[in-house]
Amino acid sequence: MIVGVVRDEAAAPVKDVRVYFTHAPVAIPDVAALTGADGKFMLGAPVDGSYTIECAAEGFDTVRRTVVITERDEEVEINLAPRIP
Amino acid sequence: MLEAPHMPDFSEGDLVTRDSDRPMSSPPSKGGAKGAASLQVEALRTGGKGLEDVEGYSRAAGTLSDLLTPPSVDLPDVGEASFGPPRPQAETVHGVDDRAQIGDPSVYPWRAQCSLSMTAADGSGWIGSGTFIGPRTVLTAGHCLFVKNSGVPGRDGWMTSIQVMPGRNAATLPYGSQTSSTFRSVTGWTVSGNQEFDYGVIILPTSFDVGWLGYWGLSDADLLATTGNIAGYPGDKPAGSMWYAARQIAAVSPLKVHYDIDTAGGQSGSGVYRFLNNERHVVAVHAYGGATTNSGTRLNGEVVTNLLAWTV
Chain G
1 MIVGVVRDEA AAPVKDVRVY FTHAPVAIPD VAALTGADGK FMLGAPVDGS
51 YTIECAAEGF DTVRRTVVIT ERDEEVEINL APRIP
Chain U
1 MLEAPHMPDF SEGDLVTRDS DRPMSSPPSK GGAKGAASLQ VEALRTGGKG
51 LEDVEGYSRA AGTLSDLLTP PSVDLPDVGE ASFGPPRPQA ETVHGVDDRA
101 QIGDPSVYPW RAQCSLSMTA ADGSGWIGSG TFIGPRTVLT AGHCLFVKNS
151 GVPGRDGWMT SIQVMPGRNA ATLPYGSQTS STFRSVTGWT VSGNQEFDYG
201 VIILPTSFDV GWLGYWGLSD ADLLATTGNI AGYPGDKPAG SMWYAARQIA
251 AVSPLKVHYD IDTAGGQSGS GVYRFLNNER HVVAVHAYGG ATTNSGTRLN
301 GEVVTNLLAW TV
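Line by line, the protein sequences give chains G and U.
With my numbering, you'll find the first sequence wraps up at 85, consecutive numbering, no jumps.
With my numbering, you'll find the second sequence wraps up at 312, consecutive numbering, no jumps.
Please keep in mind that the hints were generated in silico from the structure rather than gathered at the bench.
Careful, some of the hints might be misleading.
Covered stretches of chain G, as calculated for chain U (at least 3 residues, CB under 8 Å) [stated by the list, open to error]: (1) 12 to 24; (2) 41 to 52; (3) 60 to 67.
Examples of chain G residues lying across from chain U (beta carbon under 10 Å, computed) [to be verified]: (4) Met1; (5) Ala56; (6) Ala57; (7) Thr70; (8) Asp73.
FRET-style restraints, in silico, Cβ to Cβ [said to hold, decoys possible]: (9) G/Glu74 to U/Asp53: 42 to 50 Å; (10) U/Ser192 to G/Met1: 16 to 24 Å; (11) G/Asn79 to U/Ala171: 23 to 31 Å; (12) U/Ser181 to G/Ile84: 19 to 27 Å; (13) U/Ala225 to G/Glu74: 38 to 46 Å; (14) G/Met1 to U/Glu279: 39 to 47 Å; (15) G/Ala10 to U/Val96: 35 to 43 Å; (16) U/Gln163 to G/Asp38: 19 to 27 Å; (17) G/Glu58 to U/Asp97: 16 to 24 Å.
Glycine is no exception: its CB is placed at the ideal position from the N, C-alpha and C atoms.
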């Protein structure tokens with residue numbers, strides 16, 4: 001499982017960030033999770049391997065992160081930077 | 001009589017089942033809401049190529065032969081794409097991203113597509129897509145209705161609620177929204193978690209006058225001659241914006257359809273539809289990202305039988 005939290009440049013949690021896989025070792029359901037008010041999300045990783053997730057939210061640059069799952073959950077912290085128009 | 005794994009399962013409400021020899025729905029409808037006339041004009045401009053006339057949409061190579069030619073790369077074995085090692089690497093956008101945004105989703109057929117906001121049993125929020133197949137019935141992926149094998153305590157089971165937003169355009173909801181907790185799927189998904197039975201419907205409290213697409217259990221030959229069209233709400237694009245792409249169906253199995261149509265997380269549940277003779281029929285439900293192709297649940301005879309029983 002990938003357990004994460006998304007924060008903004010002031011380290012405040014960001015709600016309703018869309019978090020989804022762009023790369024996975026197996027076929028993955030094509031849904032996107034939304035972060036909660038605490039900025040947290042949990043995505044199931046069905047098998048060990050390398051997964052790439054993206055975090056997208058209005059007003060911020062999209063962030064991509066690769067996570068390698070072995071036998072335990074992986075925790076990720078993602079910091080969003082404001083999108084420069 | 002249907003047997004497992006196509007045995008219906010449901011969240012609440014009365015469940016009606018019936019057998020049918022008919023491999024397709026009643027005809028699609030454009031609905032009576034505003035915008036239908038302008039869309040009829042648009043449909044006439046498409047020239048019968050099997051894809052929609054969307055401003056700004058073209059494949060990367062830009063030719064019709066590209067549209068009608070399956071990917072040249074080796075496709076994985078169809079069974080391997082769904083189950084069993086070695087598994088393919090999954091990417092939902094393949095090569096150049098050629099998706100085009102729908103400028104006005106409030107007109108048919110776009111308004112017959114909907115944005116879904118799902119709440120799972122653990123309170124987590126998710127986004128997906130769906131396609132109207134009746135005034136109160138939205139076809140979508142089974143995993144948009146019932147979470148299976150998530151690995152997260154308290155998450156598995158029926159979604160507690162789903163907000164349905166037809167024709168959504170960012171923050172604008174041209175037809176408003178409805179929230180439902182009445183869902184239909186099959187035990188092949190809700191009990192077994194089998195990707196090949198990953199489909200279901202949302203039953204809405206009241207009708208939307210946005211029209212709907214038909215659905216059709218096509219033969220292998222017809223599917224392989226079909227341009228698959230998908231419109232939905234990918235999470236990598238601005239929130240609530242609708243995007244479209246089309247591509248030839250690449251491979252089929254009895255229960256799955258594979259295609260190289262670009263998608264992203266949030267488009268699960270979009271109907272993969274054929275546009276022929278000015279009618280649109282869903283032939284699969286988009287559900288998974290894969291290595292060289294994405295895939296959906298095929299609307300075979302048993303799926304169509306269930307949909308006929310569920311559609312209201």
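- Query: Which of the numbered hints are not met once you compare them with the structure shown?
  - Reply: 3, 7 and 12
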